[in-house]
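There are 2 protein chains.
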Amino acid sequence: MIKRRISRVVKIGDVLIGGGNPVVVQSMVKCPTEDIEEVLRQLKVAKELGAKVMRIAVPDKQAAEALKKIIPYSPLPLVADIHFDYKLALMAIEAKVSALRINPGNILDSNQENLTRYDKLEQVVKAAKNSNIPIRIGVNSGSLHPKYLEKYGYPTYEALVESAIEEVQILEKMGFYDIKISVKSSNVEDMISAYMLLASKVPYPLHLGVTESGSGISGYVKSSIGIGTLLYHGIGDTIRVSLTSSIEEEIKLGYEILKALGYEKRGVELISCPTCGRLEVNLFDLVDKVKKEIENVQENITVAVMGCVVNGPGEARKADIAVVGGKGKGIIYRKGKMVKVAQENQIIEAFKEVLNQVIEEKKQEEIKV
Amino acid sequence: MIKRRISRVVKIGDVLIGGGNPVVVQSMVKCPTEDIEEVLRQLKVAKELGAKVMRIAVPDKQAAEALKKIIPYSPLPLVADIHFDYKLALMAIEAKVSALRINPGNILDSNQENLTRYDKLEQVVKAAKNSNIPIRIGVNSGSLHPKYLEKYGYPTYEALVESAIEEVQILEKMGFYDIKISVKSSNVEDMISAYMLLASKVPYPLHLGVTESGSGISGYVKSSIGIGTLLYHGIGDTIRVSLTSSIEEEIKLGYEILKALGYEKRGVELISCPTCGRLEVNLFDLVDKVKKEIENVQENITVAVMGCVVNGPGEARKADIAVVGGKGKGIIYRKGKMVKVAQENQIIEAFKEVLNQVIEEKKQEEIKV
Numbered sequence: 150m151i152k153r154r155i156s157r158v159v160k161i162g163d164v165l166i167g168g169g170n171p172v173v174v175q176s177m178v179k180c181p182t183e184d185i186e187e188v189l190r191q192l193k194v195a196k197e198l199g200a201k202v203m204r205i206a207v208p209d210k211q212a213a214e215a216l217k218k219i220i221p222y223s224p225l226p227l228v229a230d231i232h233f234d235y236k237l238a239l240m241a242i243e244a245k246v247s248a249l250r251i252n253p254g255n256i257l258d259s260n261q262e263n264l265t266r267y268d269k270l271e272q273v274v275k276a277a278k279n280s281n282i283p284i285r286i287g288v289n290s291g292s293l294h295p296k297y298l299e300k301y302g303y304p305t306y307e308a309l310v311e312s313a314i315e316e317v318q319i320l321e322k323m324g325f326y327d328i329k330i331s332v333k334s335s336n337v338e339d340m341i342s343a344y345m346l347l348a349s350k351v352p353y354p355l356h357l358g359v360t361e362s363g364s365g366i367s368g369y370v371k372s373s374i375g376i377g378t379l380l381y382h383g384i385g386d387t388i389r390v391s392l393t394s395s396i397e398e399e400i401k402l403g404y405e406i407l408k409a410l411g412y413e414k415r416g417v418e419l420i421s422c423p424t425c426g427r428l429e430v431n432l433f434d435l436v437d438k439v440k441k442e443i444e445n446v447q448e449n450i451t452v453a454v455m456g457c458v459v460n461g462p463g464e465a466r467k468a469d470i471a472v473v474g475g476k477g478k479g480i481i482y483r484k485g486k487m488v489k490v491a492q493e494n495q496i497i498e499a500f501k502e503v504l505n506q507v508i509e510e511k512k513q514e515e516i517k518v
Numbered sequence: 150m151i152k153r154r155i156s157r158v159v160k161i162g163d164v165l166i167g168g169g170n171p172v173v174v175q176s177m178v179k180c181p182t183e184d185i186e187e188v189l190r191q192l193k194v195a196k197e198l199g200a201k202v203m204r205i206a207v208p209d210k211q212a213a214e215a216l217k218k219i220i221p222y223s224p225l226p227l228v229a230d231i232h233f234d235y236k237l238a239l240m241a242i243e244a245k246v247s248a249l250r251i252n253p254g255n256i257l258d259s260n261q262e263n264l265t266r267y268d269k270l271e272q273v274v275k276a277a278k279n280s281n282i283p284i285r286i287g288v289n290s291g292s293l294h295p296k297y298l299e300k301y302g303y304p305t306y307e308a309l310v311e312s313a314i315e316e317v318q319i320l321e322k323m324g325f326y327d328i329k330i331s332v333k334s335s336n337v338e339d340m341i342s343a344y345m346l347l348a349s350k351v352p353y354p355l356h357l358g359v360t361e362s363g364s365g366i367s368g369y370v371k372s373s374i375g376i377g378t379l380l381y382h383g384i385g386d387t388i389r390v391s392l393t394s395s396i397e398e399e400i401k402l403g404y405e406i407l408k409a410l411g412y413e414k415r416g417v418e419l420i421s422c423p424t425c426g427r428l429e430v431n432l433f434d435l436v437d438k439v440k441k442e443i444e445n446v447q448e449n450i451t452v453a454v455m456g457c458v459v460n461g462p463g464e465a466r467k468a469d470i471a472v473v474g475g476k477g478k479g480i481i482y483r484k485g486k487m488v489k490v491a492q493e494n495q496i497i498e499a500f501k502e503v504l505n506q507v508i509e510e511k512k513q514e515e516i517k518v
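Chains as they are written, first to last, in my numbering: chain A, 150 to 518; chain B, 150 to 518.
Treat the hints as calculated values from the structure; they're not laboratory data.
Hints are supplied without guarantee of correctness; some may be wrong.
One copy or any two copies: either way a pair holds, since identical chains are not told apart in the list.
To be verified - Result set (DMTMM-like, lysine to aspartate or glutamate): computed pairs, CA atoms no more than 20 Å apart in a straight line: (1) Lys476 with Asp209; (2) Lys322 with Glu338; (3) Lys245 with Glu299; (4) Lys275 with Glu262; (5) Lys486 with Glu299; (6) Lys210 with Glu413; (7) Lys476 with Asp184; (8) Lys160 with Glu429; (9) Lys152 with Glu509; (10) Lys512 with Glu187; (11) Lys476 with Glu183; (12) Lys414 with Glu338; (13) Lys350 with Glu271; (14) Lys210 with Asp434; (15) Lys484 with Glu197; (16) Lys408 with Glu338; (17) Lys193 with Glu321.
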């Protein structure tokens, strides 16, 4: 069993993050914030798919104004994503956002107003404290504060961590501890190393993500390795998969990562063999049919579909239901016990029967609990 | 930079595995071994996609006979996958296979011949030594030797490692050290823990894989986390992604995992942002077009495609070429230096021009090296 790093807890709306609470899947609205109707549609979809928190960009005053109209109708707590302009953070707090994300790299001293970044942060921190909302310090390899780029020449993992910790210390000096941190990099190795180093240095909850991981297979792989490696080591309190793709795909992938490491049990886990020269049934077809039967099952059930007798009986022992292909027929196991033998064209019917029994049983168990 | 675990080296055909050599991507033939024409077609495809070694099932005498006809024409060295029957291993060696995989869990004592599994292994080891080929000890959660199942009640990661080490010791006692090991589990956490423990206990090269990882997103995620976490820690000398899917997909995913951690540089690495309310151009469309331009480029180039000015300039600094979207136009950077500004409908043309310059330059560099 994975031993989790136990951090302090922050609260975003009603959602607890850190302190050993379930890892929260989040995503980010992918349309202009002023397009209120589309924003609310995306938030609804996100909630249905299991996101517990959503982030939304506030790049200008129009967006900050739109927040006021969005928040009363939002089905999920919102985190306002602020860059460059601290005044937008103040506006977002006024609009009753549930949390802020600020990027220390790009809130800089300004000559016009004669304000240092310290002055600006102080105003934001005071407002956040009054409204009782947390701040995520969101350091990012693509927008590291210039002074660290100068010092390290490159956004190394040490640079990301040093920048985050400097910001934490500024907030702590202001008496603000309601902090969550991220140190994202588009380089997976740097990302993992940065979070590992950070986890050993601060007591705050961590928001994990590989930034700019792109689209397609490579985005899946980068996010899975980056977030997954940290979760294996018990590090991470909330995760956001960043893909050049839909929020649906981001949230779905987030849950797959959690499921792969046993952080989350939602629906059926399907184990199936890669097929080889030992194959004795049409496994691809069988797996497709089994998938169709299980896709809407909400109960936590393990199903194994195996093509031969080498690893089949072993996986069968571990699964709630297993279908093991033999020559022209299928054997159905239930918790390792053989319960049915069916001809190849009747395997799926036999599977459905056993599946329904198992679902009923799981439902009974839940009622008892 | 990842510090690799340096193991002993084994040689499969001409391919070196272990000792800090490049991590080898392998896959497994997915049709009956007797279907010689289809086997050879799959081997050809595998080689074209970059697999360096292929495994092939030898479940019966027909398959072992077919090996004799396959091996003289195989474009890649073959590993014969043997279960239950040690005689098939002897036949595969006679057919001049380049390596063996035996599963200690299912070569058992037999009453018929009055042979212990030790007697059987001895015959196989002698033949392997005479032919100068390595043996992979392939322990698998689905087919663990019954005595460990009895002891641990379940294929825990300690059980997998204990079974592997017992087998190693048997081979070592016979004076055989040409060993590669795998301890695959369908449970990602167990798989990672098993290899980590094993890596600390033996000097042999390790073959990584998550077994029975299924199909679709969940297969991608499990393999990426399992193999990726170990590679992040420098563990692993050859990898095999197991998907209920084509060998094409297995090999492609294998390379994506290696690329994500800098083990392999093949073609273009594309970094692109997840899009948000800050987006100022049609990024999905732009990324698709850029992908089309780069898909056949063999040179090792980093391309960033970013939708706005928050992380865009930072990623641009690190990339060989970056396209950063502004309001209705695109800025092209080359190694962080702005080189072109184009209207939105001309961005892709401007990108192609810069891409061709960079490819030419990389080619010149390669000639110099």
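Please flag the earlier hints that this structure goes against, numbers listed from lowest up.
-> Result: hints 2, 3, 6, 8, 9, 10, 13, 14, 15, 17 break, sorted rising.
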